[in-house]
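2 protein chains.
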Amino acid sequence: MATSRWTGTEQAPPVPLRRRGPVLERAILDAALEQLSTVGWSGLTMEGVAAGAQTGKAAVYRRWPSKEDLVADALEAGLPTLDEAVDHGCVREDLFQLCRRVRDAMFSRSGVALRSVLYECDAATAERFHGVIVDRVVEPSTQLFREVVHRGVQRGDVRADAVCELVLDVVPGLLMYRSKVCGSEWPDKDIAEMIDRVMVPLLRPYGSRQAPGGP
Amino acid sequence: MATSRWTGTEQAPPVPLRRRGPVLERAILDAALEQLSTVGWSGLTMEGVAAGAQTGKAAVYRRWPSKEDLVADALEAGLPTLDEAVDHGCVREDLFQLCRRVRDAMFSRSGVALRSVLYECDAATAERFHGVIVDRVVEPSTQLFREVVHRGVQRGDVRADAVCELVLDVVPGLLMYRSKVCGSEWPDKDIAEMIDRVMVPLLRPYGSRQAPGGP
Numbered sequence: 001m002a003t004s005r006w007t008g009t010e011q012a013p014p015v016p017l018r019r020r021g022p023v024l025e026r027a028i029l030d031a032a033l034e035q036l037s038t039v040g041w042s043g044l045t046m047e048g049v050a051a052g053a054q055t056g057k058a059a060v061y062r063r064w065p066s067k068e069d070l071v072a073d074a075l076e077a078g079l080p081t082l083d084e085a086v087d088h089g090c091v092r093e094d095l096f097q098l099c100r101r102v103r104d105a106m107f108s109r110s111g112v113a114l115r116s117v118l119y120e121c122d123a124a125t126a127e128r129f130h131g132v133i134v135d136r137v138v139e140p141s142t143q144l145f146r147e148v149v150h151r152g153v154q155r156g157d158v159r160a161d162a163v164c165e166l167v168l169d170v171v172p173g174l175l176m177y178r179s180k181v182c183g184s185e186w187p188d189k190d191i192a193e194m195i196d197r198v199m200v201p202l203l204r205p206y207g208s209r210q211a212p213g214g215p
Numbered sequence: 001m002a003t004s005r006w007t008g009t010e011q012a013p014p015v016p017l018r019r020r021g022p023v024l025e026r027a028i029l030d031a032a033l034e035q036l037s038t039v040g041w042s043g044l045t046m047e048g049v050a051a052g053a054q055t056g057k058a059a060v061y062r063r064w065p066s067k068e069d070l071v072a073d074a075l076e077a078g079l080p081t082l083d084e085a086v087d088h089g090c091v092r093e094d095l096f097q098l099c100r101r102v103r104d105a106m107f108s109r110s111g112v113a114l115r116s117v118l119y120e121c122d123a124a125t126a127e128r129f130h131g132v133i134v135d136r137v138v139e140p141s142t143q144l145f146r147e148v149v150h151r152g153v154q155r156g157d158v159r160a161d162a163v164c165e166l167v168l169d170v171v172p173g174l175l176m177y178r179s180k181v182c183g184s185e186w187p188d189k190d191i192a193e194m195i196d197r198v199m200v201p202l203l204r205p206y207g208s209r210q211a212p213g214g215p
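Listed in order, the protein sequences are those of chains A and B. Reminder that position 122 of the first sequence reads as 122 in my numbering, one-by-one numbering, no gaps. Reminder that position 3 of the second sequence reads as 3 in my numbering, one-by-one numbering, no gaps.
For reference, chain A alone in the conformation it holds in the complex (with noise of 0.2 Å):
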């Protein structure tokens, strides 16, 4: 654990740091990161997050009404954005690059700690843990895994009736099956092998000798 400035052997109680606004925000939203990733859900307290952003617990209270939106918070701020897919010209490479972003959300701090909270905290906690994943990392991600296919119809490296919600999930899918059952953490040779063995086979238009990038 990070030993701040004043737990030294001073006996003054800390004085907070003079900082304002965001730059504030963004230090607490840190602390309760760290504290998440050292204590848990169970052992995170606003007190321990004040002190940990070298501020008193009325600082943290006055953003914050509860434990649940300090860290709902966090978590989001912590995520990295999916906001677009850039067109590198063929479905394989957009996929390639898009998948390595789904993968390094999930394993980014933010989201290693999402999902052990989601295995710590109580079931209407756990709901509204569940809506970050959702509007954070599923429908961003989904959203953007159907506007490269749908790319890709357009190219003609992509057959027409292959826009479905189904298909959208295969990647989501293997990325969160593999990592649960065998504990994997998506190497990128891995994502490049699924592009190659799943997702450029399936999406290939009907009547094609080879998959599109193929041999």
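Treat the hints with care, as some may be off.
Unchecked claim - Which residues of chain B face chain A? A partial, calculated answer using Cβ under 10 Å: (1) Arg20; (2) Val112; (3) Ala124; (4) Val170; (5) Gly173; (6) Leu174.
Hints are computed from structural coordinates only; laboratory data are not their basis. Glycine is no exception: its CB is placed at the ideal position from the N, C-alpha and C atoms.
Got chain A; can you put chain B on it based on the hints?
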């Protein structure tokens, strides 16, 4: 909760039923599954299971030295067996029937209990129950998917290079993902859609004009 015969107005302690061997074991395992579905992992006690099975605590401890051992056996005994994939003459029907059986295992009383136990228990115990899922559901179902795909290659309705671990994980991945993320219970029509929209296009031979079994 079920009211057993001896919990009426009588003051005498329960008189154990005279059963031995497999019959008594079956009653104890059933009572353990019943307890899991009513009071969960945390609430389950050896005493409660003995009472539910209308036997004495000693009869339970003689066979299972700990709650973990008893619950692991109860979960295993309650899971449907996945030991054969019947040949229906085409990969589409083979996959459909196999997926239904995997879905039935997932949503069996034991399958549901197994997943909820994983959420409740500590990490070391979770490891053991995770092992039950792998040994009794994941590995046998992957082996059957492998057989079905191999058979399709020999029959000619599956491309020769389709047999690989990633392709075999697509169905289990989708089953898990949609059940977790959108609470799907995978009715037959959704399974049929998954086969027709994902698996048949993924497995079709190169150069085929249409998906096998398609219109």
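Each hint, compared with the structure:
Interface hint at Arg20(B): violated, since its Cβ lies 39 Å from the closest Cβ of chain A, which is beyond the 10 Å cut-off. With 10 Å as the threshold, the beta carbon of Val112(B) stays out of range of chain A, its nearest partner Cβ sitting at about 15 Å, so the hint is violated. Checking Ala124(B) against chain A: minimum C-beta separation of about 14 Å lies over 10 Å; hint violated. Because the beta carbon of Val170(B) sits about 6 Å from the nearest beta carbon in chain A, less than 10 Å, this interface hint is met.
Interface hint status for Gly173(B): upheld, as the beta-carbon distance to the closest one in chain A is roughly 3 Å, under 10 Å. Taking 10 Å as the C-beta cut-off, the interface hint given for Leu174(B) holds, the closest approach to chain A being about 5 Å.
In summary, the numbered hints that this structure violates are 1, 2 and 3.
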